[in-house]
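Engineer: Using the sequences and the hints given, assemble the complete structure.
Protein sequence lines correspond, in order, to chains Y, F and B.
Using full-length UniProt numbering, you'd call the opening residue of the first sequence number 1 and step up by one each time.
Using full-length UniProt numbering, you'd call the opening residue of the second sequence number 1 and step up by one each time.
Using full-length UniProt numbering, you'd call the opening residue of the third sequence number 1 and step up by one each time.
If you are wondering where the hints come from, they were derived from the structure by calculation, not from laboratory data.
Take every hint as true, because none was put in to throw you off.
Calculated cross-link-like contacts (lysine to aspartate or glutamate; reagent style EDC-like; alpha-carbon spacing at most 16 Å):
#1 Y:Lys119 - B:Glu52
#2 Y:Lys119 - B:Asp239
#3 F:Lys99 - F:Glu113
#4 F:Lys225 - F:Asp207
#5 F:Lys99 - F:Glu114
#6 F:Lys13 - F:Asp28
Derived coverage of chain Y by chain F (criterion: at least 3 residues anywhere in the stretch with Cβ under 8 Å from a Cβ of chain F; other residues may be distant):
#7 170-177
#8 188-199
Ideal Cβ placement from N, Cα and C applies to all residues, glycine included.
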Amino acid sequence: MSRRNAVLLLVPGLALLLFGFLVPAVMMLLHPPDTPALDVGHRLAQMLADPFMLGIIWRTLRIGLIVTAVCLLLGFPVAYLLSRSTSRWSGLLLALAIFPLLLSNVVRTYGWLVVLGSKGVIAQALTGLGITDHPPQLLYTETAVVAGLVQLFLPLAIVSCYSSLSGIEARLEDAARGLGASRTATFRLVLLPLAMPGAVVGATLVFAGAATAYTTPVLLGGTRQTMLSLQLFNYSSVTIDWAGASAVALLMTALVFAVAGASAWAGRRRVTA
Amino acid sequence: MRDGSDAVVRLAKVSRHFGDVAAVDGVDLEVPAGSLTALLGPSGCGKTTTLRMIAGYEHPTAGQIFIDGRDATGLAPEKRNIGMVFQSYALFPHLTVAKNVGFGLKVRGVAREEIRRRAHEALELVGLSELSGRRPRELSGGQQQRVALARAIAIRPSVLLLDEPLSNLDARLRVQMRAELARIQRESGITTILVTHDQEEALQLADQMVILDSGRVAQAGHPRKIFPAPANRFVATFLGYENFLTLPGRGLVTIRPEHVAVLPESGTAPDGGQSRPGTISRITYRGTDSLVTLDVEGDTILAAASDPDLHEGSRVRTFFPDDRVVPLAS
Amino acid sequence: MSRAGRSLRPARERRPVLTVLAVAAYLIMLGPALFVVAVAFTSGSTITFPPEGFSLRWFGAAASYRPFLDGLGTSALVATAATVIALAVGIPATLAVHRGRLPGRAVVQNLFLSPIVLPELVLGLALYQQLMVGLGVTASGVLLIGHTILLLPYAVRVTGASLALADPALEEAARGLGAGPVTTFFRVTLPVLRPGIAAAAVLGFVTSFNNVPLSLLLQGPGTETLPVAMLQYVQTSYDPVVAAVSVVLLLAAVVVAVVAERLVGFNKIFGGIGS
Ligand SMILES: Nc1ncnc2c1ncn2[C@@H]1O[C@H](COP(=O)(O)OP(=O)(O)OP(=O)(O)O)[C@@H](O)[C@H]1O
Ligand SMILES: [Mg+2]
Numbered sequence: 001m002s003r004r005n006a007v008l009l010l011v012p013g014l015a016l017l018l019f020g021f022l023v024p025a026v027m028m029l030l031h032p033p034d035t036p037a038l039d040v041g042h043r044l045a046q047m048l049a050d051p052f053m054l055g056i057i058w059r060t061l062r063i064g065l066i067v068t069a070v071c072l073l074l075g076f077p078v079a080y081l082l083s084r085s086t087s088r089w090s091g092l093l094l095a096l097a098i099f100p101l102l103l104s105n106v107v108r109t110y111g112w113l114v115v116l117g118s119k120g121v122i123a124q125a126l127t128g129l130g131i132t133d134h135p136p137q138l139l140y141t142e143t144a145v146v147a148g149l150v151q152l153f154l155p156l157a158i159v160s161c162y163s164s165l166s167g168i169e170a171r172l173e174d175a176a177r178g179l180g181a182s183r184t185a186t187f188r189l190v191l192l193p194l195a196m197p198g199a200v201v202g203a204t205l206v207f208a209g210a211a212t213a214y215t216t217p218v219l220l221g222g223t224r225q226t227m228l229s230l231q232l233f234n235y236s237s238v239t240i241d242w243a244g245a246s247a248v249a250l251l252m253t254a255l256v257f258a259v260a261g262a263s264a265w266a267g268r269r270r271v272t273a
Numbered sequence: 001m002r003d004g005s006d007a008v009v010r011l012a013k014v015s016r017h018f019g020d021v022a023a024v025d026g027v028d029l030e031v032p033a034g035s036l037t038a039l040l041g042p043s044g045c046g047k048t049t050t051l052r053m054i055a056g057y058e059h060p061t062a063g064q065i066f067i068d069g070r071d072a073t074g075l076a077p078e079k080r081n082i083g084m085v086f087q088s089y090a091l092f093p094h095l096t097v098a099k100n101v102g103f104g105l106k107v108r109g110v111a112r113e114e115i116r117r118r119a120h121e122a123l124e125l126v127g128l129s130e131l132s133g134r135r136p137r138e139l140s141g142g143q144q145q146r147v148a149l150a151r152a153i154a155i156r157p158s159v160l161l162l163d164e165p166l167s168n169l170d171a172r173l174r175v176q177m178r179a180e181l182a183r184i185q186r187e188s189g190i191t192t193i194l195v196t197h198d199q200e201e202a203l204q205l206a207d208q209m210v211i212l213d214s215g216r217v218a219q220a221g222h223p224r225k226i227f228p229a230p231a232n233r234f235v236a237t238f239l240g241y242e243n244f245l246t247l248p249g250r251g252l253v254t255i256r257p258e259h260v261a262v263l264p265e266s267g268t269a270p271d272g273g274q275s276r277p278g279t280i281s282r283i284t285y286r287g288t289d290s291l292v293t294l295d296v297e298g299d300t301i302l303a304a305a306s307d308p309d310l311h312e313g314s315r316v317r318t319f320f321p322d323d324r325v326v327p328l329a330s
Numbered sequence: 001m002s003r004a005g006r007s008l009r010p011a012r013e014r015r016p017v018l019t020v021l022a023v024a025a026y027l028i029m030l031g032p033a034l035f036v037v038a039v040a041f042t043s044g045s046t047i048t049f050p051p052e053g054f055s056l057r058w059f060g061a062a063a064s065y066r067p068f069l070d071g072l073g074t075s076a077l078v079a080t081a082a083t084v085i086a087l088a089v090g091i092p093a094t095l096a097v098h099r100g101r102l103p104g105r106a107v108v109q110n111l112f113l114s115p116i117v118l119p120e121l122v123l124g125l126a127l128y129q130q131l132m133v134g135l136g137v138t139a140s141g142v143l144l145i146g147h148t149i150l151l152l153p154y155a156v157r158v159t160g161a162s163l164a165l166a167d168p169a170l171e172e173a174a175r176g177l178g179a180g181p182v183t184t185f186f187r188v189t190l191p192v193l194r195p196g197i198a199a200a201a202v203l204g205f206v207t208s209f210n211n212v213p214l215s216l217l218l219q220g221p222g223t224e225t226l227p228v229a230m231l232q233y234v235q236t237s238y239d240p241v242v243a244a245v246s247v248v249l250l251l252a253a254v255v256v257a258v259v260a261e262r263l264v265g266f267n268k269i270f271g272g273i274g275s
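Structural biologist: Have a look at this one:
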C-alpha cells in the first residue's frame, strides 16, 4: 500500500474524529455557547472554592474509590478461580460474568429498585420475618448507589483480572508453595505482583466508569446523592448554564485522569518494591 | 510417627487414581540418604504424578508417603521441605535471579544477610553467581535451569525433586548439564529423585533406577545390576534391547547385538550355547563393524559383525552364547 | 482464551474465603435481574416482592406504550447506522495503520482510540453544546455522530486485533499471484478480517443500543432512544412496566449471546479475552 493510499484511507476517520470529537471537546472548554471567552476558567475557580461543589467532588471520588475497591475485592477471586479451574463449567461461568455487559444500565439498575424498594425484597423479608415493622430507607442512599455501581462494573473488573491471571503459570504458585510459602505468602509475593498490571487496568476502567456514571446514581441515589455527572446534566439540560457544564466536564475528566495516573504509579511501585 | 527405616523418602503401596485411570498403582519405593534415584519409563507411566505426590501437590488415593521417617501423606507442600525443579523451571518472572534463589529462605523468615549469603552460595554451586541481578527472561534456557536448581538447593531440602530437568535443553547442552548435575549432586550430597524418560541419563547418573510401567514398578535397582539383567521384555525394550527370541530350555530371552555370533552355515557349532540357521536380510556398514539384520526362523535378530565375507541373502548360522543370553519373565 | 496450564494443586485443598467472595460477586451481578423477571409477571400495580399474583398485563402495557415502541425503533436505527458507519470508516483506517507503513502510526492509532478515554457524558455535552446548539445540526444528526464516535475505538481496536494476527505475507502472496490491490482486499484481506468485523459489529450494536449518557443529552424531538425512554419512565412512575421491557431485553440479550458464540465466541467478543 502506498503512503498516499494509506493517507486517503485515513481521511474519513480523521475528518469524523476532528468534527465529531476533537474540535467540539476543545471548543467546549474554550468557548461554550452564549458565554464570554475564559468563563469556564472562572467557573472552575468558583467551584473549587464552593463547599457545596467540593462536597459533590468528594462524594464522586469517594463513591468511585469504594466501588473500585469492592469490585476488585469481589472480582479478583472470581477471576482467579475461573483462571485456575479445570472444570468444563468454567467457560459458562465466565460467560455468565460477562453477560450483564449486554444489558443496558437501566435494566441492570432497575433490579435494585426491586431489591431495595420500600416494598422490595429486603424490606419485605425484614417485615415478613418480624425483624422490624419499619424497614430502613434503602433506596436513595449512598449505599444503594455503591451497590448498583458495583453490579455494573464487576464484569469489567473480572475480565481485566482474568486476562492477567490466566497468563500466570499455575506452576509458579506450586513452586512458591514447594519452597515453603504459605497460601497467603504465595498470594502476596507471587500472585499479586504478577496480577498487578491487569488489576490496575481493571481499577482504572472501573473508577472511570463509576465516577462518571449517570443512570445508576440518578435512579438509586435520587437528588440527595448528587454526583458530578448529575450536576453536569443539571447544568446542561435544566438550568442551561453552559460554562458551568463545561467546568464540571473538565473536573470529571481531570478526576478520572488523576486516579488513572495514581493507580498506574501505585501499581508500578508495588511491582518493583 | 517414624517409620524405622533410614530412607529419606519412602513410598508404601502408593496409588493415585484419576477417575478410572490408575496413574500410579501400588508403588513401593525407598530412596536412601544421599543417593540419586532415577524414575524412568515411557510417557504417561506415572513419573510426574509420583513426583508430585512426594512434593505434596497431589495426594495419593491409597498408601503412605514418609519423608525423613515421618508420615507426610496429607502434609501441604510448604510443610515438606522439598526442593522441586519443574520441567518449565517456574522461575518468578518479577524477581531477580538472587531473589528467586532467596525466595524459600525469605518465606522461612531467614535474616536478610543470611539470605544473601546462602543465595550466593547456591548460585556459586551452579556457576551463576555473576548473573544474580538479572531477571529470568534475560537468561538462556540452560541458565534458567541452573537458577531453578539453585533455588531448590538453597533451602537445603530433605530431598531434591527434578522433573525431566534436561528435556528442554538442546542435545549438546543436555550432555553438558548432565555432567554438571552429577557434580552438583555429589558436591552437595542432597538426596535426589530425578524423573526422566531418557535411559542413558538414568544409567549415567543414578545410584538407583526405578522403571515404571503403567503406574507400577517394573524393576528397581542399581543401573549396573539392571542393565545386564532386565527382568522382563518391557524393561529390556526400554533399555534398548532389540533381539527377542525363544530358545529351547530357556524360554523368552534377549541378547545384545554384539554378543550374537554370525558363523558360516557349514561349520560345526561351538559349545556353551545354542545355534540357529538364519538368512542375512540387510547389512548396514557402521565404520568399525557392520550391523547385520538376520531372519532367524521368523524372528528378526540384529548382530554386530566385522567379517567381510557376509553378503545380503547369504545363509548363515547364528550362535547365542549361554552366558550372554538374558532370560526374561514373559 | 488462554489457560495457565493444569494446576498441580491437590484436589482436597479448599479456598473458603475466595469461594464466598466469588459467590457474592455472582449474586450481586445476577441476583437483581432474577427479581426483575419475577416482578414482570406480577398482577399488582407496584414494584412489590414477592409479586402479587401472575399476569402478563405489564407486557401488554409495555407493548402499547408509544415512547417505548418509538424508542425501540430509534435505538435499532441509530445502533445499526452507527455500527455501519463506524466500520466503514474504521476498517480503512485500521488497514492504513497496520499495512500503510506510515510515520507515527502509533500516534494515529491512539488518536482513533482516544474517544474512549473521555467520559461519555462529557462527549455528549461537547456535541450538544458545539454541534447542536452552536452549529444547529439536527438532533438526529448529532445523535448519530455521537454514537459513531463512541463505536469508532471498538471498531478500530477489534478489527485491528484480527488484522495484527493475520500474516501480511498472505496479501503479498496474492499480489505476487497477479491480484490487484482491490481484488486482494476483497478476496484475501476482508475474509481474514471477517471474524474481527463480526465481533466489532455485535459489540458496536450492543454498545450503541444500550447507551444512555449520549442519548440522554442529545435527545430531541423524535430521537428518544429506548433506554432513555425507560429511564424517564422509571423516574416518574413506580409501576412494573419497565420490568416487563427488561425481560424482553434480557431475552434479546440471550439471543445476541448465542449468536455471538456461534459467530466468533461470546467470551472473546464481550470479554475482549484472547483478542
Ligand atoms: N490431573 C490429572 N487428571 C487426569 N489424569 C491425569 C492427571 N494427571 C495425570 N493424569 C494421567 O495419569 C497418567 C500418568 O501421568 P503422568 O503425568 O504422571 O505421566 P508421566 O510419566 O510424567 O508422563 P510424561 O513422560 O509424558 O511426562 C497419564 O495417563 C495421565 O493422563
Ligand atoms: Mg511428566
